[in-house]
Amino acid sequence: MKLAKWLGISVAAAAAALLLVGCGNSSSSSGSNTNNKTITFWYGGDADTAVKPMVDAFTKKTGIKVKIQSIPWSQYNDKLLTAAASKSGPDLILMGTTGMANYVSSKSLMDISKEVKSDKNISPNNYFEGSVKTTEFNGKYYAVPWYVETRVLYYRKDLLKQVGYNEAPKTWDQLYDAATKLSKRGKNMYGFNVDFSEPTFGFMFARQNGATLIKGKTPQFNKKPMVEALDYLAKFYKNGASPKQDLKLTIGQSFGGKAPIPMFISGPWMMNSVKQDAGLKDDQWGVAVLPKGKDNNMSNTGGGNLAVFNYSKNKSAALKLLKYLSTKDSQLQYYKNSDSMPTLKSAWTDKSLSDSRIQVFRKQLNDSEPMPLIKQWDQIGQNYLKAWEPVAMQGASVQKAMDQLNSQTEQLLNK
Amino acid sequence: MAKTLRDKLIPYTFVLPALLLLALFSLIPIFIALIISFTGLDITGLGDWSQIKFIGLQNYTQLFHDSAFLQSILNTGYYVIIGVPLVILLSLTVAILINFGQNRFFRFMRLVFYTPSITNTVAVAVVWTYMYNPSMGLLNNLFGKIGLGPFPWLSDPATAKMSLIILAVWKAIGLNMLIFLAALQGIPESLYEAAELDGAGWWQQTRHITLPSLSFSIFFVTVTTLIGWFQFFDEPFVMTKGGPLNSTNSVALFVYQNGFQNSNFGYAAAGSFVMFTAIIIATLVQFKLQKKQQGI
Chain X
1 MKLAKWLGIS
11 VAAAAAALLL
21 VGCGNSSSSS
31 GSNTNNKTIT
41 FWYGGDADTA
51 VKPMVDAFTK
61 KTGIKVKIQS
71 IPWSQYNDKL
81 LTAAASKSGP
91 DLILMGTTGM
101 ANYVSSKSLM
111 DISKEVKSDK
121 NISPNNYFEG
131 SVKTTEFNGK
141 YYAVPWYVET
151 RVLYYRKDLL
161 KQVGYNEAPK
171 TWDQLYDAAT
181 KLSKRGKNMY
191 GFNVDFSEPT
201 FGFMFARQNG
211 ATLIKGKTPQ
221 FNKKPMVEAL
231 DYLAKFYKNG
241 ASPKQDLKLT
251 IGQSFGGKAP
261 IPMFISGPWM
271 MNSVKQDAGL
281 KDDQWGVAVL
291 PKGKDNNMSN
301 TGGGNLAVFN
311 YSKNKSAALK
321 LLKYLSTKDS
331 QLQYYKNSDS
341 MPTLKSAWTD
351 KSLSDSRIQV
361 FRKQLNDSEP
371 MPLIKQWDQI
381 GQNYLKAWEP
391 VAMQGASVQK
401 AMDQLNSQTE
411 QLLNK
Chain U
1 MAKTLRDKLI
11 PYTFVLPALL
21 LLALFSLIPI
31 FIALIISFTG
41 LDITGLGDWS
51 QIKFIGLQNY
61 TQLFHDSAFL
71 QSILNTGYYV
81 IIGVPLVILL
91 SLTVAILINF
101 GQNRFFRFMR
111 LVFYTPSITN
121 TVAVAVVWTY
131 MYNPSMGLLN
141 NLFGKIGLGP
151 FPWLSDPATA
161 KMSLIILAVW
171 KAIGLNMLIF
181 LAALQGIPES
191 LYEAAELDGA
201 GWWQQTRHIT
211 LPSLSFSIFF
221 VTVTTLIGWF
231 QFFDEPFVMT
241 KGGPLNSTNS
251 VALFVYQNGF
261 QNSNFGYAAA
271 GSFVMFTAII
281 IATLVQFKLQ
291 KKQQGI
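If you're matching them up, the sequences are chains X and U in order.
Note that this note's numbering has the first sequence beginning at 1, numbered continuously upward.
Note that this note's numbering has the second sequence beginning at 1, numbered continuously upward.
Some hints here could point you the wrong way.
As the list claims (entries may be wrong) - Here are the simulated lysine to aspartate or glutamate pairs, EDC-like style, with alpha carbons at most 20 angstroms apart:
hint	chain 1	residue 1	chain 2	residue 2
1	X	375	U	48
2	U	241	X	339
3	X	244	U	156
4	U	241	X	115
For the record, the hints were derived by calculation from the structure and aren't laboratory data.
Here the structure is a predicted model, which is why all the values come from computation and not from measurement.
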């Protein structure tokens with residue numbers, strides 16, 4: 001798997017684009033009036049067990065056959081790139097919310113504003129605002145929110161009690177105080193994980209401190225609100241309340257037992273890992289809404305949307321499947337199969353979501369927004385991680401790091 | 001016996017399939033990449049070709065102002081300068097040692113040293129990541145038993161580069177050892193006998209008979225190893241993602257990150273062309289040196 005192969009893929013994609021533009025029209029337009037056509041659904045994940053039963057039910061109901069291709073998330077973007085380049089691919093796509101801006105800008109996703117406005121079952125009002133934002137670009141809708149993620153604070157109840165916290169920290173000051181006290185438990189013990197491999201982490205805290213991340217085309221990363229927030233985070237490294245580097249521990253090692261890292265911020269996907277691998281009793285750990293900064297406790301919305309591929313030949317069938325999967329029943333079934341939380345507000349009254357921990361996520365969703373939805377954001381996130389690394393590892397100046405990130409970003413946005 | 005047109009064409013039909021494949025999967029892509037490197041092609045341009053702008057040499061000038069790129073060049077240089085001699089030296093040594101005998105033990109050692117090279121780099125890199133794990137990895141546990149460490153195998157900028165090199169060298173020795181071994185067994189026994197009569201010791205025999213006889217295989221191994229190390233990719237891609245502090249990022253990985261993670265295809269293509277040029281130059285220099293050597 002040398003680079004040549006990766007380059008080969010990209011160029012093969014370009015070449016395929018050349019070829020397919022020529023011959024793409026003839027192939028698949030035949031079966032437009034029959035019922036037994038087949039559509040393709042790209043699904044991010046290692047296996048399709050979670051969606052298969054729902055899709056089978058759809059086929060039974062409508063006669064439309066569906067081929068599910070499940071692609072691991074780590075390769076999902078590569079696969080989408082080839083589809084965008086060759087203008088041939090699936091009919092229905094599960095899009096990660098962070099990839100939306102990219103593929104809207106490459107015109108790979110169908111504008112479904114008309115459907116969204118005419119069908120009240122998939123009307124934007126039904127969904128969480130943060131999720132809807134990931135589907136709307138320049139006043140047009142390109143997808144329907146399907147499942148939602150938001151980040152909350154995971155904490156060890158028993159350990160926090162020992163340092164005088166009967167509840168999770170509610171403010172930044174409390175978080176810092178609790179983390180510092182917990183880190184005094186001994187060598188290689190910490191209080192809170194200031195995540196340096198998560199590209200949204202610093203931006204999330206900056207927003208809690210009142211930062212506007214980007215105004216028009218001008219990034220605000222080196223302005224006071226963001227720098228202040230990052231200085232606050234850097235304090236955790238400086239006094240040993242957070243590890244400075246990835247300790248490469250499993251969740252059982254970092255959060256179970258004596259818990260070197262008794263507090264961290266993560267999404268709903270960690271719930272099962274903690275339950276299965278940490279070996280904790282139910283009353284030893286909990287989740288809580290994020291501690292409040294100067295302005296708010298806004299979290300970061302992610303998740304998945306359903307979109308129709310713009311070059312699909314079976315748009316109406318793909319839309320049927322999209323609508324079918326977007327019903328309340330389908331979303332609830334998907335939640336049961338995969339633990340992915342529904343985006344429909346009305347689905348949350350169902351008793352399968354009554355678990356008190358899940359309800360914490362529900363509460364956090366009221367204060368949760370996606371990162372800026374621009375096609376450059378992936379790169380800005382990566383640049384942020386690079387700028388943050390010296391701050392974490394070597395105690396470099398936050399202001400300097402952000403000045404540099406800001407000018408880098410300015411260049412990116414104005415290219 | 002004048003050749004007919006048909007006779008002239010026959011050899012070409014034999015090489016045509018190979019040429020077609022070469023053109024389709026190497027030459028045309030290289031040419032397209034060259035064009036792309038002069039554009040600002042990104043994800044928007046991918047879907048709508050009318051949005052692609054030609055920006056001349058801007059990608060290239062920006063590259064050489066990009067500290068991440070410059071560092072990846074330095075890192076790649078480091079890999080090449082440390083890795084290539086190390087591979088040649090070690091595989092040659094192993095080959096000479098194994099060539100000492102023919103019994104079962106030596107055959108077994110040949111197997112031992114060859115096995116790593118038939119493994120898949122990505123799979124092996126994942127396994128080594130576990131071995132390098134700072135708190136529960138095999139290496140730190142073993143070193144801990146004798147009171148050393150723990151070593152920050154992949155988490156310290158200076159150490160991480162060496163850790164990757166160790167893995168890559170370990171994996172590269174086998175194949176090159178086999179090439180040297182074949183060449184060693186091709187050296188006529190009579191040369192050694194004559195030298196022995198003249199009273200030459202083992203070291204003198206090695207220096208004046210073995211090494212000169214191996215010059216072509218040394219050259220071959222150098223070129224292939226050099227090209228391989230210039231494209232150093234899998235190990236940092238799987239094990240460190242170029243970190244910590246960008247210290248293990250190679251040019252190849254830089255190109256991948258820009259192309260496939262950040263969707264800056266034009267910029268990535270420019271980076272790949274810089275690498276392409278460097279490899280061509282290095283190989284040409286090698287060929288020149290080899291010719292000179294053969295001329296003597």
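The hints, checked one at a time:
1. X:375 - U:48: holds, 15 angstroms
2. U:241 - X:339: violated, 29 angstroms
3. X:244 - U:156: holds, 11 angstroms
4. U:241 - X:115: violated, 42 angstroms
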